[in-house]
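Student: Okay, here's what each chain looks like letter by letter:
2 protein chains.
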Amino acid sequence: MSVSLRLSCFLLALLLLNPCSRLTAQNPVADTRVLLPVPSMAQWGTSRFVLKDHWRVQLQGPKADSALRPTLTQFGAWLGQQTNDKRLRTEFVGSGAADLTIYYGRLGQLDLLDEEMYSLRVTPMGISLSANTHLGVLRGLATLRQLLSTDKKEHMFAEVDIADSPRFKWRGLLIDAARHFMPVAVIKRNLDAMAAVKLNVLHWHLSDDQAFRVESKVLPRLHQVGGQYYTQAQVREIVRYAAQHGIRVIPEFDMPGHTTSWLAAYPELASIDSTYGPAQTWRTLNIALDPTKETTYQLIDKVLAEMTPLFPDPYFHIGGDENDGRQWRRSPRIMAWSKENGFLKANGQLDKHGLQTYFNRRILQFVTKYHKKMVGWDEILGPGLPEDAVIQSWRGRKGLYDAVKQGHAALLSNGYYLDLNYSAATYYLNDPLPADAPLTASQQGMVLGGEATMWAEFADSVIIDSRIWPRAAAVAERLWSATYVRDVPDMYRRLALVSAELETLGLQHRQAPEQLLARLAGGRDVAAVRTLAGVLEPVKEYKRHFQGFTYTPSTPLTRLVDAAPAESEAARQFGVAVDGLAEYLKMAPATERFKGASSKSLLSFLNAQLRTWQTNDQRLQPLLVQGANLWEYAPLSTQLRLISALGLERLQMLEKGTAPSAAWQAAALKQLDAAKAPAGQAELAVVGHLRKLISL
Amino acid sequence: MSVSLRLSCFLLALLLLNPCSRLTAQNPVADTRVLLPVPSMAQWGTSRFVLKDHWRVQLQGPKADSALRPTLTQFGAWLGQQTNDKRLRTEFVGSGAADLTIYYGRLGQLDLLDEEMYSLRVTPMGISLSANTHLGVLRGLATLRQLLSTDKKEHMFAEVDIADSPRFKWRGLLIDAARHFMPVAVIKRNLDAMAAVKLNVLHWHLSDDQAFRVESKVLPRLHQVGGQYYTQAQVREIVRYAAQHGIRVIPEFDMPGHTTSWLAAYPELASIDSTYGPAQTWRTLNIALDPTKETTYQLIDKVLAEMTPLFPDPYFHIGGDENDGRQWRRSPRIMAWSKENGFLKANGQLDKHGLQTYFNRRILQFVTKYHKKMVGWDEILGPGLPEDAVIQSWRGRKGLYDAVKQGHAALLSNGYYLDLNYSAATYYLNDPLPADAPLTASQQGMVLGGEATMWAEFADSVIIDSRIWPRAAAVAERLWSATYVRDVPDMYRRLALVSAELETLGLQHRQAPEQLLARLAGGRDVAAVRTLAGVLEPVKEYKRHFQGFTYTPSTPLTRLVDAAPAESEAARQFGVAVDGLAEYLKMAPATERFKGASSKSLLSFLNAQLRTWQTNDQRLQPLLVQGANLWEYAPLSTQLRLISALGLERLQMLEKGTAPSAAWQAAALKQLDAAKAPAGQAELAVVGHLRKLISL
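Protein sequences appear in the order of chains A and B. Read in order, the letters of the first sequence correspond to residues 1 to 696 in full-length UniProt numbering. Read in order, the letters of the second sequence correspond to residues 1 to 696 in full-length UniProt numbering.
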């Protein structure tokens, strides 16, 4: 291939025009096509299986097993929607011609992290899906869904032979239903999305300072003080629905910290006598149960006795994080008890870790009594922790390695915190077992996988989908696919496809922000609002807590920052184009610049985008004045106009081949620094890319 | 399942009657059936594909690639033989109905240890085989061959969906063609066998003290002094044949030790001036090239310049083992040079390792000049060894770990020495990466796999097959299948199937010993000779060198010890039955003993076997006298009679329920000790099992 062709393919790929994109694929997986996560092996044919007006499924598995029927029926209904064919129904046929034939050996056991390998074969004659367990069949169905495509009026599945199995057995998503309540429908559609990208563990964070979200018939005040909660019937319904999709449900009841809601119901559990209400703030309160009172343990025993039977999974999460022990130190009673029982250090200070380990060990007795294995955050790691307790590392990779070195199975969540609003690429490149992990083979075997976490301080039931998806799919691929599958541009290409797929499954990650924008536009120029929101991102990490705007659980999440994407796709694509331009300038001789069609189209792409951003401020002005919700973002709109103008000037110079003056560049960079200032807890996501353009 | 049923199934399984054998399978692979190595996933159907009188193959791969055709034609011819259908030919069809349809993406690159994953699907309608590379297709064909079965007059392949990929990329067999010459036909049929069990590297040991086995046009004396050798055309032919089967060929030219044959041709290379002939002994001579003469390197350069182009593989093995430096120390010239060049230690002793490393570094320059990467045995590991040199560990697992910790890719051969005559189980359970291997992820990634080694001091071209097969297949499964596939009884069950399969491929591992027995029987009672040979094994490890019988390269390997199996199957099965009896006695209440049909059949199996052995001595007497070759084994025949009689007595007591007297047991054990004495470098393989029976 000639240099110029390679060059233009390279540019076309940047412009996300597919034909050449495979040339830029950098991983050994020859052809990822439309699949996310990437399977272990995919052999693509040239033909396809065309969908007729029927969907006959033949199920060859263990006798009298109907585990797969609900999901298969759901899949058939989905096919009907996609093809707008109301008649299309799943017909289960005993024998004879079938469109989809499923062979499987036995019912997989979710709780044993059982085999999920499958093989899927699409031929013009039909589709066959085989697996050792029904779990493998479910994973294969998720792959099959991604293979559906439409050409003119015809619906088809691409001809392919896939053999696939996961790298890690524990691939989870944590949903925090305590900070904001998430109704059953929200959990269910997120379970659909999880299944679509082969995640297999829902970590359900059910209690915290703000509320205890499960109905308790024994201690009803627990769920009453927090307001909304799940009835026990609803919990069972969700567990059943998850199991249908091959997803385990692991409940978390956080203790001894994160328990203000318990104290609101039962103040006698408190370390410091006071009157408590469910927390109306997001601060880490370090309010903790009293670990020295027997009554505390009696009540916890009651709670676990009632809660554990609701969740069939053998694992039970007791939290254990973020209690700095300040309340324990302040309580003369607890200090006295600690002295008696040897929980003071030589210097007379409280041995907080020792005391919390004592607490954990007491809790563990109950967890064990109810036939569960304990899962907890890094902090629970300590002497006396039984081997079969699982450590979930949120504070760092070291916690993961320490845990397995001490003989505990462990999960990585550090680096998978979706609520910190990092880019999908950041999560994607965070490998639980990088090649240089200093672990023996058996220690590595104890790294079960990881979990993406969606803490919900800034996500309510309306916008949570848009905070989870599509970025969680990047984590899903990291945990399923081979470690060498790490081609970031290709991941983003497929992430866009997954995002569209999830919409067909009823996820609200695109629709909900759009509705928010419409409301903010108040029936006026929504496009202008959309353009601004499209290049905004909420401030990263925990900054949103510290921007002079105090949030409470009842603060409505209906401002522009809530409609802004966690990762701006417009900004990302602009950045890719700028990088492409930089590469192009290196590769193309000065005399030859911008002669080729593709380099021209790259330029016009950048120019058009910048002009849109530059002119948007004016369009937005009339709307900004109409209310504080928009007005607070006026500075960002103005800054976007100013820095876009700078970008346009720089592009002109590049076209003309003239260099920018030192003075111009200095002024420009000053302007860009000013544009970094957030407003309304949001910031412009394009500042860095424009800085790069200016500095070319 | 009732206790008694479980009990009898357990016994039946012991008696190697298949129906229940799956009940005893202890590994997670539900159903290994007839496959060795066990694939990653096999989903067995209930139907089958019946072979008609044609074999139509459709090949869908990269344009104009014919890499697979020779192997496919060979496969078709094999099918014809198995089905006695002379008309059956491989027809390559462009489209339309095919019996076997093959899809693959690209030509695999052998030298890059390329992907070998494949997926194989047998349905009543046809067979399809897919892979990313043509190497995967070759592995799939090996699996398909094992699926062929015959029922009455019908030939069929079982319905199954298999997805499979190897655990290790380097799965080798070393064949020593230096100690005894192995003609082209021998190498070729062993390549067929390697492909059948998915081994993919032939490590061809081509020069040693006894001979240099490759024609050299530049330095013809090299191959002339050793007698038989491969012409360069023959080498190319074998490399081509191996590549057709997806097998790499790595030549080994051992230096600076193991080079007496070089010195016979070019005495001026010697460390000690003397006249040398090709070694006529098997002793480790520690004769080495002179590492201090430039002429040595000039000649080696010439050799490598001529030899390297014959072998396309990027790896080139320079040996480097077993030179203790005694010749270097004895040579005043070398000692003087070493003093000048700083290869003496503080105490004035020669720094032998330093000097050999210097030699290696010089050799490496040539290896690199000819675009090869160096492979060598443990001993070459040392400072200055370049990162891309591969270490093959023969001395121990530690060598393997040291190598990867120092950044070298490495292979395990320690524990895979077929010539030491260990049991298949011993090799099978020797895992290159056990769970507790103290290596990081990246270090583990550098363990490429392993190699079974067939050193040929005691194997000539006639019996070598029986020394390699079927035991090498156990190594093949260890290197291909998952680490948890380690059910020894199930391995032996499948090993018997592989042994039969290899016979259909023309391997001589059963036929050659049988012919030897016939010759030894001299047309008389061969069955009696077979019975004795069947319970004999050559003495283990290197003992055969030290039994008062001195072997030379010209000693004929035609005695009973050469016809005796490396691992006696008769003895093994007898041992399984004894273990089964012991288990049974634990499980069955004294009053209930030997009432059930299966316990009766276990007893009768043991009785029959012991009676056969007991009466065999008398049948053998007339033959023993006829020649030294048999006469030297008379003591073993007698001992077999005596200890079998003891076994029969013990069985009677067990049936009667009477206990043996202390005196009887003492006498019996004394007899068993006497029976341990080897004769004719062979020993009775049943002594241990009989000791166990006696002690029950």
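Any given hint could turn out to be false.
What the hints assert, rightly or not - Looking from chain B toward chain A, a few residues come up when the C-beta cut is under 7 Å (computed):
#, residue
1, Met41
2, Tyr103
3, Asp114
4, Met117
5, Gly126
6, Ser130
7, Ala305
8, Asn430
9, Asp436
10, Pro438
11, Thr440
12, Ala441
13, Ser442
14, Met446
15, Thr550
16, Ser554
If you're looking for bench data, these hints aren't it; they were derived computationally from the structure. For each residue, glycine too, the CB sits at the ideal point set by N, CA and C.
Student: Let me make sure I understand: some of the numbered hints might not hold for this structure. Which ones are they, in numerical order?
Tutor: 3, 5, 7, 8, 14, 15 and 16
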